[in-house]
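Heads up: the protein sequence lines correspond to chains R and S, in order. Using full-length UniProt numbering, read the first sequence as starting at 1 and increasing by one per residue. Using full-length UniProt numbering, read the second sequence as starting at 1 and increasing by one per residue.
Hints may be right or wrong, so weigh each one.
Unchecked claim - Some chain S residues flagged as far from chain R (calculated, every beta-carbon gap over 10 Å):
1) G44
2) S78
3) F83
4) S84
5) P86
6) E97
7) T112
8) A115
9) Q141
10) F171
11) V193
12) K204
13) N252
14) G278
15) W309
16) D373
Said to hold, decoys possible - No more than 27 Å apart at the CA atoms, straight line, and that leaves these computed lysine-lysine pairs for BS3-like:
17) R:K167 to S:K136
18) S:K124 to S:K162
19) S:K275 to S:K162
20) S:K136 to S:K307
21) S:K245 to S:K204
22) R:K151 to S:K245
23) R:K167 to S:K275
24) S:K379 to S:K169
25) S:K124 to S:K136
26) S:K136 to S:K169
27) S:K379 to R:K302
28) R:K302 to S:K73
29) S:K204 to R:K151
30) S:K237 to R:K151
31) R:K151 to S:K124
Just so you know, these hints were derived from the structure itself, not from any lab. All C-beta atoms in this analysis are idealised placements derived from N, C-alpha and C, irrespective of residue type, glycine included.
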Amino acid sequence: MSVSKGLPADAAIAAIPLPAAATPAWQRIALVLLGLAAAIAPIFVLESFHLFQLTMAVIMALAVLGLNIVTGYNGQISLGHGAFFAVGAYCTAILMSHFDWSFWPTLPISAAVCAGLGYGVGFPALRLAGHYLALTTFSLAVAVPQILKHKSIEDWTGGVQGLFLVKPDAPFGLPLSSDQWMYLVAVIVAGACFLLVWNLIRSRIGRALMATRDHATAAEAMGMDIGSLKTKAFALSAMITGIAGSLSAVAIEFVAPDSFSFGVSITLFVGMVVGGVASILGSLFGGLFVLFVPNIAEAISKAAPGVIYGVILILFLFLLPDGFAGLLRRIAAKLRGRG
Amino acid sequence: MLGRRHVLAAAAAGLAAPGVVRAQELPGVTATEIRIGNTMPYSGPNSAYGVIGRTEQAYIRMLNEQGGFAGRKINWISYDDGFSPPKTVEQIRRLVEQDRVAFLFNTLGTPTNSAVQRYCNQRKVPQLFVATGADKWGNWQEFPWTMGWQPSYRTEAQIYAKHLLSQGKDFRLAIIFQNDDFGKDYIAGLRDVIGAQRFDATVKTASFEITDPTPDSQILSLQGTGADTLMIALGPKAAAQAIRKTHDIGWNAQRYLTNVSLSVGAVMQPAGVEKGIGIITSGYLKEQGDAAWRDDPGMNEYRAFMKQWMPEGDLQDANTVYGFALGRTLQQLLTQCDGNFSRENVMKQAAGLKTVAIPVLLPGITLDTGPQDYRPIQKMQLQRWDGASWVRFGGLIEGAEV
């Protein structure tokens, strides 16, 4: 009892000052190399179907990361990130299937479009807080699939029929199948985004985001421009989720309005909470969770996979109330406490 | 006689031997089982269709109890895709690459099947008898490994146009259609038969968005064009509203109704049973509620099956009749394969169904396919609403060759 009581306090003390100071350089390099190896190994180890699943998990993790910026770090609840995911996917699909673009150049376009959209959504978010914001963003998620079907843009979106596109092949004659290359693309793009967000969160802006979340008035008193921070957080968050949408469009090779029902937004939210709110590594776990756990639930019971999924979800929240990231933090704190 | 039989048997064994050796390498076929894959929306907004998968499962359990096919039992692997195309891609890849199924059977949904159609055709995995009414599944030139089953919406619309023309009267047709692939197939089908020139010159159309609260304004504007015939190509809720509105404004048009919306409980009763008198629609499956089939041997077979193998199922649910019909189709297909369950042969046999009778299809409707005919059911029978139930009339009508 006393041990578990002591933990949070230990964690709070240990987590902030220690990492930079106490981890020797060689350990950090070893960790990075280990991470790289873990990311690349599946290419050679897994069959193409499992590789495809892992690709989708990485993509979901990236989308969850996007949500985590605005909800986790900035405290604005969004239930509408599925909309940005859809817009990102459609940007890539439209450019690839109507204009014969290759995949890479579509990424900055869809990132820019989603960032712009996110910035726009950020403005009403300034006036709305908590539940009201959640509902407003949710309405966005509900509206997007129907907007995609609308006849005025049907020539572009393909209406209910959707659009087909083709996975990029490995360049320079690399001896990789398209599934292996797709995985690598997802890992590279997601890796870059994770790294950038990691740096951002540890910077002045990251601290400002969290200060705004924790106590807006105090943050403003210290000279932070709350409005600008909130809208920019929304833009960045939408951009990252949109990039994940782009990746998903090429990985699936098909987009249709039915692919982006409001369930996607809920899935992302679940991923964020299970992985750990305001945690970068937690987002990765959240992505793995939302992709693999429904399959596990279905394997347990065909008749009521939803019930099993719900039970697993409740168990997770019960055992890991602060998400997977919280578990990692506790373990790390314990190890350090011993050391 | 015996001698000749022995010689024949020996010859057959000789011919079959390489086949047996090869069978070990065939995807999804082992000495004891044939693996067949399927996806269904067991969860999500379309989960009402999941009962089709469960009925098929029950039917296959029955087939296995009866001994299976060529010494092999069917291993039916059916996954939930929640009607979400990305999930379908994942589940189909799991079925093909991990479970290594021999072929896919009756996967449900238009967007979901669209998402995997190219994958299946690239890999040459038969994507058989998909459970959707879109017209695109009969495209044997471009997608030789994909085949539909039920009459497409377009075929259905062609049948209404044929009936309309057969009246020999002058008509002014108006169409209200749901603005998606489902609604647009009716425009295409009517145009096929009426003729592009005449259609474009005389027919008035109004589109309905599924997000619109009612089709009332479209109905009023179509009435204003002076049309005397109305095709209602709308989903159940909007169809009920349209039926009520046309009656309430006193528009005496001959109304045709898509059979997607023929449900008595969900459409005709909410619209008002007396407001729909005279509406014409079509069907191809027998219905439990139809008094004509009370002692029908085919429906009795269905009822006996349900009683023994799916006691929890709802006899009134048209989806269980559909699932039973598909189970029977699978039985015919595997029987016809005659022990050779290679993907090539499965596809060849699927494209070689000749007047296959299914007990729950309306009398005279059979499954017919060919290497250049990937539309198993093309005939339907018209039925008219008499204020209490649908009354079938006239003979079977076939869609047009286009």
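How the hints compare with the structure:
Distance check on S:G44: its Cβ comes as close as 7 Å (rounded) to a Cβ of chain R, failing to clear the 10 Å threshold; non-interface status is violated. For S:S78, the non-interface assignment is contradicted: its Cβ lies about 8 Å from the closest Cβ of chain R, within the 10 Å cut-off. At roughly 6 Å from the closest C-beta of chain R, the C-beta of S:F83 falls inside 10 Å, breaking its exclusion from the interface. At the 10 Å boundary, the C-beta of S:S84 falls inside the reach of chain R, the nearest C-beta of that chain being 6 Å off.
Distance to chain R contradicts S:P86 as a non-interface residue, since its nearest Cβ pair spans about 5 Å, not more than 10 Å. Residue-level check failed: S:E97 sits 4 Å from the nearest beta carbon of chain R, not beyond 10 Å. Listed as a non-interface residue, S:T112 fails to keep its Cβ farther than 10 Å from every Cβ of chain R; the least gap is roughly 8 Å. Here S:A115 does not stay apart from chain R, with its beta-carbon only about 4 Å from theirs, under the 10 Å limit.
Even its closest Cβ contact with chain R, about 17 Å, leaves S:Q141 beyond 10 Å, as expected for a residue assigned away from the interface. Every CB of chain R lies more than 10 Å from the CB of S:F171, the least distance being 27 Å, so the non-interface label holds. With a closest Cβ-Cβ approach of about 23 Å to chain R, S:V193 is found to remain outside the 10 Å limit, as its non-interface label requires. Even its closest Cβ contact with chain R, about 17 Å, leaves S:K204 beyond 10 Å, as expected for a residue assigned away from the interface.
At roughly 31 Å, the least C-beta separation between S:N252 and chain R is larger than 10 Å, which holds for a residue marked as non-interface. Look at S:G278: its CB is around 32 Å from the nearest CB on chain R, clear of 10 Å, so calling it non-interface holds up. Even its closest Cβ contact with chain R, about 16 Å, leaves S:W309 beyond 10 Å, as expected for a residue assigned away from the interface. No Cβ of chain R approaches the Cβ of S:D373 within 10 Å, the least distance being about 24 Å, so the stated non-interface status holds.
With a CA separation close to 23 Å, the supplied pair R:K167 and S:K136 stays within the 27 Å bound. A hinted pair counts as satisfied when its Cα atoms are at most 27 Å apart, and S:K124 with S:K162 does not qualify at roughly 37 Å. Note on S:K275 and S:K162: the hinted pairing holds, with a Cα-Cα distance of about 25 Å set against a maximum of 27 Å. The suggested pairing of S:K136 with S:K307 is violated, with an alpha-carbon distance near 36 Å, which exceeds 27 Å.
The suggested pairing of S:K245 with S:K204 holds, with an alpha-carbon distance near 18 Å, which does not exceed 27 Å. Only pairs whose Cα atoms come within 27 Å are accepted, and R:K151 paired with S:K245 is accepted, the gap being roughly 25 Å. This hinted pair does not check out: R:K167 and S:K275 have alpha carbons roughly 53 Å apart, beyond 27 Å. Restraint check for S:K379 and S:K169: satisfied, since their Cα atoms lie roughly 24 Å apart, inside the 27 Å limit.
For the proposed pair S:K124 and S:K136, the alpha carbon gap of about 18 Å is at most 27 Å, so the pair holds. For the hint pairing S:K136 with S:K169, the CA-to-CA distance comes to about 32 Å; that exceeds 27 Å, so the pair is violated. Between the alpha carbons of S:K379 and R:K302 the distance comes to roughly 36 Å, so the proposed pair goes past 27 Å and is violated. Between the alpha carbons of R:K302 and S:K73 the distance comes to roughly 20 Å, so the proposed pair stays at or under 27 Å and holds.
Of the supplied pair hints, the one linking S:K204 and R:K151 holds, its CA atoms being roughly 18 Å apart against a limit of 27 Å. For the suggested pair S:K237 and R:K151, the alpha carbons sit about 21 Å apart, so the restraint of at most 27 Å is met. The straight-line distance between the Cα atoms of R:K151 and S:K124 is roughly 35 Å, outside the 27 Å bound, and the hint therefore fails.
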